[in-house]
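Participant: Residues per chain are reported as follows:
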Amino acid sequence: MSALDAIAVKVVDEAGAASGNATALLHEAAKLLEAFVQSSTPGTIDLRSLPLTPGDYDELREALGAGAVFARVDAIGPSELRETRYPGLWWVTHFNDAGEIVAELIEIGPVPQILVAPMQDVAAGLSGFKEALVDAIAPKL
Amino acid sequence: MTPHPTLGDLLTQRGISRRAFLKFCAAVTSLMALPPDMAPAIAQALAKATRPSVIWLSFQECTGCTESLTRSVSPTLEALILDMISLDYHHTLQAASGTAAEEAREHAMKEASGKYLLLVDGSIPTKDGGVYGTWAGESFHDILSDAVKGAAAVVAIGTCAAFGGIPKANPNPTGAVAVSDLVKGKPVINVPGCPPIAVVMTGVLAHYLAFGTIPELDPLGRPKAFYGETIHDRCYRRPFYDQGKFAKTFDDEGARNGWCLYELGCKGPTTYNSCATIKWNAGTSFPIQSGHGCLGCSEPDFWDKGSFYQALPTGDWGSAKTIGIAAAAGAAIGAAAAYSARKRQERSMKGG
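Protein chains in written order, with my numbering: chain C, 308 to 448; chain E, 50 to 401.
If we take Cβ atoms under 10 Å as the criterion, some of the chain E residues that face chain C in the derived model are:
1) Val-77
2) Ser-79
3) Pro-288
4) Gly-332
I should point out that these hints are in silico values taken from the structure, not numbers from a laboratory. C-beta atoms are modelled at their ideal positions from N, C-alpha and C, and glycine is treated no differently.
With the hints as extra help, turn the sequences into a complete structure.
Facilitator: Given below as structure tokens:
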């Protein structure tokens, strides 16, 4: 055994026990889902606005589970959108190009906002589409 | 002067979709601790904003603040924000030097008069007529006074600019002072830290662009979004403090177990900053997570406050409202619940 090996190293992770913040967040999510059912008001919770230990994340993931839909958006890095076992309650994780999480949200609504095609992009896409059609037809004329 | 295109125009030119921009705004909103529902509104506001001119002056400093900003490991977010500004003068980064560089500064000051953002890192020496810091025979004090006249707002980047920092430390041989000691009649935003976290600097710029106003500040002129909580409030070791579990030396069982570093001189309880949440090196770690107490580098006179390894007297910080609540609750769950309630209250106060 070398001298370095003789030093007892204990790797301490942030993990530890859950802090209890997951429970508070779940109640907040239920409240927002209730508001959505009653008045169609969408809601969002920023998961990074509270100090959450990995243990808290495990609790949250276990409590919310996985539903029928999983979607991936590629826009300045991937975004993963997972519907939880509670329809209308989405777990949204935005990554940057380097694979780091830049935002993590619980979204309440029919679909996460980033999934809806913005009308300005739709309009711009349409004009491009028409041009492509003209180009496709042009050689035949 | 060529009219500045809107940020929306720039993004379209670069082929960045609105989806990508919405995602970027979700990240910025999260970063600034704004209510997450505001992301679409921020996206709209930013798309309509014009690219502001920014002049960056470096005085008595070590260039660590610029290093922090430019060596950021998550390029996408920072690059997008930096693309949103027109950095017209930064003597460390610009290619021009000598007379050409100073002409560029004067040109930018004239062209964007009344509208540019003035970013300053470093303190300003005032002793002996300010001779301890000059460019081309002009004192830092005079250069600052001149540049402030046409500025819309001044951002003091780093502890030296915000509070005088290490140049001002005892015995302060150059008579160093903070930007706010010299600038009157203009809004001054302090972004302290030695250095500040890169995204904190860019977050302040994004806020200015999105809202056209300076962010809400604490009594020391720091944006509350980033300096609203102490390191201790957000520290993952906080439950050990509440349980009375402390490391007594850097190599004892408590240190190996990752217990609270309070007794080893951690200044987390009196230091307002975002290190515990945003962290450093692409979110890898921060000093406490690496086993060393916080030095309190984003606080005024941190260098002269006594030993970094001496425990804070409880009277210095025991009055803090949040800590009082946690101590009364006596358990980690109590602290978490109080914290959550307070965050929600803040959100509702912000209209979220």
